[in-house]
Amino acid sequence: MAGVRALHMDRPRPSPFAKLLDLHWPLLLAITAIASIGFLMLYSVAGGNLDPWAMRQIVRFGVGLVILLVFAMIDIKLWMALAYPFYGVTIVLLLVVQFAGRFGKGAERWIDLGIIQIQPSELAKLALVLALARFFHGRSFEDAVKLKSLVVPLGLIGLPVALVLMQPNLGTALILCFIGACILFVSGLRWWIIIAGLLAVAGAVPIGWEFLHDYQKQRVYTFLDPESDPLGTGYNIMQSYIAMGSGGLFGKGFLGGTQSQLDFLPEKHTDFILPMLGEEFGFAGCTVLVGLYALVLLIGFTIALSARSHFARLAALGLTMNFLAYILINMAMVMGVIPVVGIPLPLVSYGGTAMLTVMMGFGILMSVHVHRQSDLPRHGGLAF
Amino acid sequence: MATHNEREEYERSSAFTRRALLLGVGTTALLGGLVSRMYQLQILDADKFRTLSDTNRINLQLLPPPRGRIVDRFQVELASNRPNYRVLLVPDQTDSIDMSLDLLSHFVPVTQKMRDKVKREARTKSGLAAVTVVDGLNWDVFAKINLAAPDLPGIVADVGQVRTYPFTDQLSHVLGYVSAVSENDLKNRDDGDPLLRLPGFPIGKNGVEKAVDRPLRGKGGVRQIEVNAHGRVIRELGRTEGKPGADIELTLDMDIQRFAQERLKDESASAVMIDVRNGEILAFVSSPGFDPNEFITGFTQKRWEDMNADPLKPLLNKALAGEYAPGSTFKIVTGLAGLEAGAIDGNTRIRCPGYMKLGSHTFHCHRRGGHGAVNVVDALKVSCNVFFYEVGRRVGVDAIAAMAQRFGLGEKFNFEVPGERRGTIPSTAWKMERFGEGLLPGDALNTAIGQGYVTATPLQLAVMVTRVANGGNAVIPHIVRRIGDGPVAAPLAPPIGIAPSSIALIQAGMDAVVNAGGGTAGRSRLTGEGMRMAGKTGTAQVRGAKSVGGTAKGNGVPWHLRNHALFICFAPVEAPRYAMAVVVEHGQGGSKAAAPIAKDIMQRALERLQTPGPAPVASAVVPG
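Taken in order, these protein sequences are the chains called A and B. Going by the numbering used here, the first sequence runs without a break in its numbering and finishes at 384. Going by the numbering used here, the second sequence runs without a break in its numbering and finishes at 624.
Please keep in mind that the hints were generated in silico from the structure rather than gathered at the bench. Computed from a predicted model, the values in this text were never measured in an experiment. Beta carbons are placed, not taken as given, at the ideal position from N, Cα and C, and that holds for glycine. Some hints here could point you the wrong way.
Claimed, not checked - Each pair of labels, with its calculated beta carbon distance range:
id, chain 1, residue 1, chain 2, residue 2, range
1, B, K48, A, M73, 48 to 54 angstroms
2, A, V59, B, T28, 30 to 36 angstroms
3, A, D214, B, G160, 46 to 52 angstroms
4, B, G26, A, V63, 32 to 38 angstroms
5, B, R120, A, H213, 35 to 41 angstroms
6, B, T28, A, P26, 14 to 20 angstroms
7, B, R120, A, V220, 18 to 24 angstroms
8, A, F254, B, E8, 53 to 59 angstroms
9, B, G160, A, V63, 53 to 59 angstroms
10, A, V201, B, R50, 50 to 56 angstroms
11, B, A148, A, L29, 53 to 59 angstroms
12, B, V25, A, L29, 21 to 27 angstroms
13, A, V220, B, G192, 44 to 50 angstroms
What the hints assert, rightly or not - Far from chain A, some chain B residues (derived; all Cβ distances over 12 angstroms):
id, residue
14, F16
15, V35
16, K187
17, G218
18, T300
19, A343
20, A402
21, I483
As the list claims (entries may be wrong) - Here are some of the chain B residues that sit facing chain A, going by a computed Cβ distance under 7 angstroms:
id, residue
22, L31
23, F299
24, R303
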């Protein structure tokens, strides 16, 4: 024990300036490149105007960058110490919107803080990653892989999932499950438990179907056969196909997408921004974007693998998986691989909350990178 | 402890590394899946989606061509198009139809009725289809609205084209009128022309407008436009010009037409004049007419009912749909039947004591004391009934019917103006079919003088006299002379196969009617050089008049029961050029009511031969 402590004493805390130098610059560059593609598309959506979307998105990205840098400077020990409180606060917020939603119209998912609105369900993704990382960090490896020790993590996952489902927000609930499953997977869960779990999920799908709202079921039907109702619910997905497909290899050119410029493509500044990119820049443009995303994911993996503490590793990987979940769900949705669930394309789609949450996630990821050499005590809260 | 911890730490970090790498493989696979889906959509299926994208955005818009004009033989415009200044409303471009109409009412009165109509149409049409608020505006009002239109949400000032008929009611029964394609038209008259599916596209509903509708219509142009998802036009991508409708030239001479119409004014009457050489119609009048412009601008329910209730029947085209007993004009046919059958010849004299007995019936001549012994020329001159009773008795009804048919009676001519009636020429077969019994001996006598079952239209009577005048050539009447640049060939006019001597006798009889002393139309003689006119009077009993008693000649008889007056004629006698039939309903006597009118019209036509040229455009009142 003393030795561990001594290690801490030996290593001087790096100055904030040194930390800035130690930032993962390729990651920052890749993020900025992806966001710039978004600016370009938002400029095009407005018919070649910075208003009303592109300029605001640029400002938001700037704010996001500041948050990222601030988060990156925060010591990883503090993040671990904040993990449970942050989780607790998020659960409370979810309860608040649930409660307030009864007085609002329909699905009330927002909390208005005056200056910014936040969506607790977005925060829940970050909170879940940190809480699970914190939990497994404190468990011994023997414990972590056993079935009985799953009770707490499943509870940690289940609580926000249940609250988000009540909103109802199926997309976010699925992302929370996905993140949770990934963290359980990399924390060394036994294979037979994993396989049993997958079978259980497969068995639960038909039961879960019964609990879906009509509009959610409709989305699934539409997904299965979009051309059955081309002017109704299948319209979006058909127009999305047409926009993507008609782009061909190199696209119709910047500002030249007829599907998007003539308004056939719905929601093209938010969830359906990829088809717009596909239409104007073609397969080439889409591949570049996927390549940039892949680069970010790769950097996420390397950060996770090079971190010294288990908390940092798990947090980095969870955040990377969160980012992956956005990309997969959004792209698969607009290309008709899965039903339409309202998930934006991270860093590209117009929208404040998603942008800020994603940048917060990268802030924590960056913090893991900056503090990759830090050791963390098993059960420690704050131990400076 | 530390060793245990370190070993454990190593275990879980290497487990993490293994599992993380597995996740990395999974991530790569999933991203690869996304890219392959992109490849499928954007490379493999790109052509299909490109086509779909084009069908999304490209719309074809049909451009209606201007309708062809209709002119007379001297190029006088009889039907043309004029700009129609109108105000449209596009419901999608305004938040409140009421507000837009309120603003519009500063320029032009907007009635509650107009409001209701606009709202009703706005509901039934798609929001982007323009609804007509008001049309037929004058230029001043239109210009003001046009200037203010940018400040009137949804209001569009638009110039359309509307059909106009400068001669109003003088040509109504020739030209007919146009109006918007109806459901019925689409069912019955669909010729595959896409223009018919254009809402409100005008097509000919009657007269020449209907008969030559297809060439008048022209060919629609096509505009390729790019539209956005809301249907708004973004730009024009291409345009194929259509072809304007062909101009139609009629055989009419508007000068004669107008003169004839004026002459028949206030009568329920008709007149048809034909060029005996080729069947060209010079004048075609049914009086009273109606103003076809009213069908364009629309009229009230009351006006429609009034027109239908008018005893002078302005909506009926009497010249080809009015069926009248031809009366004595039919004696020409009876005479020819007798001559051709050899039952009489030019020298055959038949004594007229003023009546003829057949069985228990007595058939009267109109002259109580009789005409004495008359030959065919005399009989025509004085219109002796007994002479023709005897001819009828000798040749029989079927011979008369066959002769009538050769002169166009009981026939249809496939005339351009729709609505021809066939009339009735009785024969044995006809009576069997119609009444289930054979002819009675009396039927032959009645038929011989154009009474009984015989009926004919003025057009048929004109054709009959035409064929007599031209020496027995079966000319067909026609009124369309040229379609666009292509002259319309006159239908063939083969000889009917009547001996010239027979025709000559009939012509001589008709000459005597007008020009010999004691002829029934002696007062309607034309005296000008080369204007000698031959004719035949006729007086036809009105069906049902007998029950009132007598021959319904007197002025004391109610108008609607008075006899019809007929006159057929041709001129000049020496070298016949024009033939004509005039029928004046309830005119009481051919020589009194019909012949004087015919004389004036014929004189006008013959004078025109000396000074041909376009008729000066009348006091052409353009409505609206």
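Verification of the supplied hints:
1. K48/B / M73/A: 48 to 54 angstroms: 52 angstroms, holds
2. V59/A / T28/B: 30 to 36 angstroms: Holds, at about 35 angstroms.
3. D214/A / G160/B: 46 to 52 angstroms: 49 angstroms, holds
4. G26/B / V63/A: 32 to 38 angstroms: 33 angstroms, holds
5. R120/B / H213/A: 35 to 41 angstroms: 39 angstroms, holds
6. T28/B / P26/A: 14 to 20 angstroms: Since T28/B and P26/A have Cβ atoms about 19 angstroms apart, the given range 14 to 20 angstroms holds.
7. R120/B / V220/A: 18 to 24 angstroms: 41 angstroms, violated
8. F254/A / E8/B: 53 to 59 angstroms: 56 angstroms, holds
9. G160/B / V63/A: 53 to 59 angstroms: 57 angstroms, holds
10. V201/A / R50/B: 50 to 56 angstroms: 40 angstroms, violated
11. A148/B / L29/A: 53 to 59 angstroms: Distance hint for A148/B, L29/A holds at roughly 57 angstroms.
12. V25/B / L29/A: 21 to 27 angstroms: The hinted range 21 to 27 angstroms holds for V25/B and L29/A, with Cβ atoms some 26 angstroms apart.
13. V220/A / G192/B: 44 to 50 angstroms: 45 angstroms, holds
14. F16: 5 angstroms, violated
15. V35: 6 angstroms, violated
16. K187: The claim stands: K187/B keeps its Cβ more than 12 angstroms from every Cβ of chain A (closest is about 29 angstroms).
17. G218: 32 angstroms, holds
18. T300: Since the minimum Cβ distance to chain A is about 43 angstroms, T300/B lies beyond 12 angstroms and the statement holds.
19. A343: 82 angstroms, holds
20. A402: It holds; A402/B is separated from chain A by about 69 angstroms at its closest Cβ, greater than 12 angstroms.
21. I483: 44 angstroms, holds
22. L31: 6 angstroms, holds
23. F299: 42 angstroms, violated
24. R303: 45 angstroms, violated
Comparing the model with each numbered hint stated earlier shows that hints 7, 10, 14, 15, 23 and 24 do not hold.
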